[in-house]
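Asker: Listed in order, the protein sequences are those of chains A and B. Okay, so the first sequence: first residue is 1 according to this note's numbering, each after it adds one. Okay, so the second sequence: first residue is 1 according to this note's numbering, each after it adds one.
Check each hint, because a few of them may be wrong.
[Claimed, not checked] Below, computed lysine to aspartate or glutamate pairings styled on DMTMM-like, alpha-carbon distance capped at 20 Å:
1) A:K184 to A:E11
2) A:K68 to A:D172
3) A:K184 to B:E45
4) A:K14 to A:D154
5) A:K93 to B:E45
6) A:K14 to A:E189
7) A:K184 to B:E161
Read the hints as simulated data drawn from the structure, not as lab findings. A quick note: this is a predicted structure, and the numbers were derived from the prediction, not measured.
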Amino acid sequence: MVANFTLARREAVKALLVDRRDLLVVTGLGSASYDVFDAGENPANFYLWGAMGGAAMVGLGLALAQPKRPVAVITGDGEQLMGIGSLLTIGAKQPGNLTIVILDNGHFGETGMQVSHSGLGAQLDVIASGAGIRAVTEITDLKGITDYRRTLRDIDGGPRLARIRIATGHVDRALPPRDGVYLKNRFRENLGFAVS
Amino acid sequence: MDDVAVRDEVATDQSWPVQLYKTLKAHGVSQISYVPDAGHSRLIELSHRDGAIKTTVLTTEEEGVALSAGAWLGGDRAVLLMQSSGVGNCVNMFSLAASCRLPFLTLVTMRGEWAEFNPWQIPMGKATPQALEIMGVTVLRLERPEDAEEIVSAACSLAFESDQQIAVLISQRMLGRKKWTETK
Chain A
1 MVANFTLARR
11 EAVKALLVDR
21 RDLLVVTGLG
31 SASYDVFDAG
41 ENPANFYLWG
51 AMGGAAMVGL
61 GLALAQPKRP
71 VAVITGDGEQ
81 LMGIGSLLTI
91 GAKQPGNLTI
101 VILDNGHFGE
111 TGMQVSHSGL
121 GAQLDVIASG
131 AGIRAVTEIT
141 DLKGITDYRR
151 TLRDIDGGPR
161 LARIRIATGH
171 VDRALPPRDG
181 VYLKNRFREN
191 LGFAVS
Chain B
1 MDDVAVRDEV
11 ATDQSWPVQL
21 YKTLKAHGVS
31 QISYVPDAGH
41 SRLIELSHRD
51 GAIKTTVLTT
61 EEEGVALSAG
71 AWLGGDRAVL
81 LMQSSGVGNC
91 VNMFSLAASC
101 RLPFLTLVTM
111 RGEWAEFNPW
121 QIPMGKATPQ
131 ALEIMGVTVL
141 RLERPEDAEE
151 IVSAACSLAF
161 ESDQQIAVLI
171 SQRMLGRKKW
181 TETK
C-alpha cells in the first residue's frame with residue numbers, strides 16, 4: 001500500500017525550520033541530514049553520519065539534559081525503524097520538550113530505494129501512539145508543516161511525533177560536515193560549554 | 001524520596017553498589033540508563049529514587065550508547081548500566097562515541113564467567129572484553145568489592161575528563177551465585 005505523496009522533502013524541512021529560534025536539532029543519517037543541512041547550517045544542528053537507529057535516543061539524552069530548550073529529531077522512516085524500541089523508551093520517559101519528526105517516504109532512500117516496512121504498511125504514527133507518545137500528527141502537505149512549526153518550539157506537551165509523508169523523487173545530496181568531533185564541539189560551545 | 005533522603009540513607013552503607021552510586025554522584029553524573037539486571041538492582045533503585053538523576057529504562061542496550069551521546073551534547077554526564085550479554089548489542093553504536101570522541105562510561109555486570117549455570121550466557125560472556133576493545137572501548141576490571149570506589153572513580157575521570165570510552169566489568173564472582181531453585 002505505497003500511496004502517492006507529493007510533498008518535496010527539501011521544501012518540507014525548509015518550511016519546518018523557518019524561524020526555528022532556540023530549537024536544537026538532531027538528524028538521522030542519510031537524507032534527513034542532507035535536508036536539514038540544506039535548510040540552513042546552524043551550530044544547533046547535530047548531524048548523524050552513522051549510528052543508525054540512534055537519532056531518537058541522542059535526542060532523548062539531549063532533551064533530558066536541556067529541559068528548557070525544544071529538541072527536534074529529524075530522521076527518515078528507515079532510520080527510525082532500526083531504532084523502533086526507542087519510541088517505547090521515549091514513551092516511558094515522557095520528555096515534554098522532545099519532538100520526533102519522521103520524513104516518511106516508505107523507502108530506504110540512501111541504499112537504492114528499496115520499499116521499507118512503512119511502505120509495506122507499518123504505521124509509524126500508530127506505533128508511536130501505542131508506545132506512549134500521545135501527541136502524534138500526520139502531515140501530508142505544506143500547510144500541515146506551517147501549522148506544526150510553532151508546536152516544534154514548545155518545551156512542554158511532548159513527547160510528540162510527526163509523520164511527514166514525503167515524495168520519493170530524487171534529490172541531489174547536500175553534504176553537511178562529517179567530522180564528529182567538530183560537530184560535537186560546536187554544538188556544545190553554542191550551548192555555552194567551553195571546549196576543553 | 002528526594003536525593004537528600006537517599007544520601008542520608010546510604011551515608012554509612014559500605015556495600016559495593018552503594019559505593020558505585022556515591023562515586024557516580026561525586027563525579028557529577030546526572031543521567032543513568034539501564035537494561036535491568038539483578039546485579040545492578042540496588043544501584044537502579046537508588047538512581048530512580050534520586051531526584052537529581054534522570055533515570056531511563058531502555059528496551060535494548062545500544063539505546064543507552066546514543067542516550068549518553070545526547071546527554072553529553074547537552075552538558076550532562078551519563079552512565080549506562082547493563083549485563084555483559086548487552087555488550088554485543090552495542091557494537092555498531094560504539095562508532096558514535098568513537099567518531100565524536102565522546103565520553104562514554106558503562107558499568108557491566110558479568111555473566112558466563114564464574115560458576116555460571118546457564119550455558120547460553122557463556123559465549124557472549126567470554127567475548128565481552130574483546131567486543132568492547134575491538135570498538136576502542138577501554139576495559140577496566142572490578143574484581144573485589146573494596147576496589148569499587150577507586151576503580152569507578154578512575155573510570156569517571158578517564159571518561160569525562162579525557163573523553164574516553166570506558167567499560168568497567170564487574171566480576172560475576174562479586175555478584176554471587178544465582179539461585180535457580182527456591183529453597184524451602
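Asker: Quickly compare the C-alpha distance for K68 of chain A and D172 of chain A to 20 Å and report which way the hint goes.
Answerer: violated (35 Å)
Asker: Given the proposed pairing of K184 of chain A with E11 of chain A, does the C-alpha separation stay at or below 20 Å?
Answerer: Given that 20 Å is the threshold and the Cα spacing comes to 27 Å, the pair is violated.
Asker: Regarding the pair K14 of chain A and D154 of chain A, is the alpha-carbon distance no greater than 20 Å?
Answerer: holds (19 Å)
Asker: Regarding the pair K184 of chain A and E161 of chain B, is the alpha-carbon distance no greater than 20 Å?
Answerer: Since the Cα atoms of K184 of chain A and E161 of chain B sit roughly 15 Å apart, the hinted pair holds (cutoff 20 Å).
Asker: Between K93 of chain A and E45 of chain B, is the straight-line Cα distance small enough, at 20 Å or below?
Answerer: Given that 20 Å is the threshold and the Cα spacing comes to 16 Å, the pair holds.
Asker: Check the hint pairing K14 of chain A with E189 of chain A against an upper bound of 20 Å on the C-alpha distance.
Answerer: violated (25 Å)
Asker: CA of K184 of chain A to CA of E45 of chain B, is that 20 Å or under?
Answerer: Given pair K184 of chain A, E45 of chain B is violated - Cα atoms ~32 Å apart, limit 20 Å.
Of the numbered hints listed earlier, those contradicted by the structure are 1, 2, 3 and 6.
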